[in-house]
Amino acid sequence: MSSVSSERRAPLDRRRVADTALRLLNEVGLDGLTLRAIAGELDVKAPALYWHFKDKQALLDEMATEMMRRMSADLTARPAGDWRETLRLMMGGLREHLLGYRDGAKVYAGTRFTDLSYAEPMEASLRVLTDAGFTPAAAARAWFTAYSYTIGYVIEEQAMGPDPATGAEGYDLDARGERLAAQPLAAQAGYEMFQDHRAGFEAGLDAVVEGIAHTLRGR
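With UniProt numbering applied, the sequence shown has no gaps in its numbers, which climb one by one up to 219 at the end.
Since the hints were made in silico from the structure, they are not lab data. As the structure is a computational prediction, the values presented were derived from the model and not from experiment. Don't take every hint at face value.
[Unchecked claim] Distance windows between CB atoms, simulated:
#1 31 - 181: 14 to 24 Å
#2 48 - 173: 41 to 51 Å
#3 55 - 196: 36 to 46 Å
#4 180 - 30: 24 to 34 Å
#5 12 - 113: 15 to 25 Å
#6 31 - 211: 28 to 38 Å
#7 144 - 117: 35 to 45 Å
#8 13 - 74: 18 to 28 Å
#9 45 - 137: 46 to 56 Å
#10 115 - 45: 21 to 31 Å
Each residue gets a CB set at the ideal place from its N, CA and C atoms; glycine is no exception.
Produce the complete structure using the sequences and hints provided.
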């Protein structure tokens, strides 16, 4: 029995639609993801989806929530040395999960979760920070700053090419350098910004974490 056949006989519910949408996302990307395409994948008529989702944004909210459900165990803070290392590990884990989906960061950004699956990882993160001497307000700002950096970085990373995790088929940096021959610093910057994305992410995150340490801890 094929998985597609068994899926089509399963009852249609929000989570099944979101799961199918995430799978289809990897094939067509966010721009190609339509309710009609999802309905076709599920072998139902498009109006059947409107029973569960009033529009595409409502579906994106559920997709982001399903992504959070899948990653919540990895994002729940565990003892990992000091608070800096914990924050780095969690944000690195978030980046890896988002890279597992085509346009994953775009889907995830700006959505509203439909359940409380985000609450435990967030509470654990804030607890690590407050235990390290942050006030609750400073802990919230610190967490959100690192989180926003991660989401923004992955959006840019995934926009650079079909395989941003490895850099394959991304920017032609030599051609870019030739176009910017009259601006040598801008030309050279491309080799720092647009290759070895993991190292770039970690270097930027280090800067964010150290900035948090100097401006928010103990404030």
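The hints, checked one at a time:
1. 31 - 181: 14 to 24 Å: violated, 34 Å
2. 48 - 173: 41 to 51 Å: holds, 47 Å
3. 55 - 196: 36 to 46 Å: holds, 39 Å
4. 180 - 30: 24 to 34 Å: Hint holds: Cβ distance 30 Å, inside 24 to 34 Å.
5. 12 - 113: 15 to 25 Å: holds, 22 Å
6. 31 - 211: 28 to 38 Å: holds, 35 Å
7. 144 - 117: 35 to 45 Å: violated, 18 Å
8. 13 - 74: 18 to 28 Å: At roughly 25 Å between Cβ atoms, residue 74 and residue 13 fall inside 18 to 28 Å, so the hint holds.
9. 45 - 137: 46 to 56 Å: holds, 49 Å
10. 115 - 45: 21 to 31 Å: Check passed, 27 Å falls within 21 to 31 Å.
In summary, the structure is inconsistent with hints 1 and 7 from the numbered list given earlier, while agreeing with the others.
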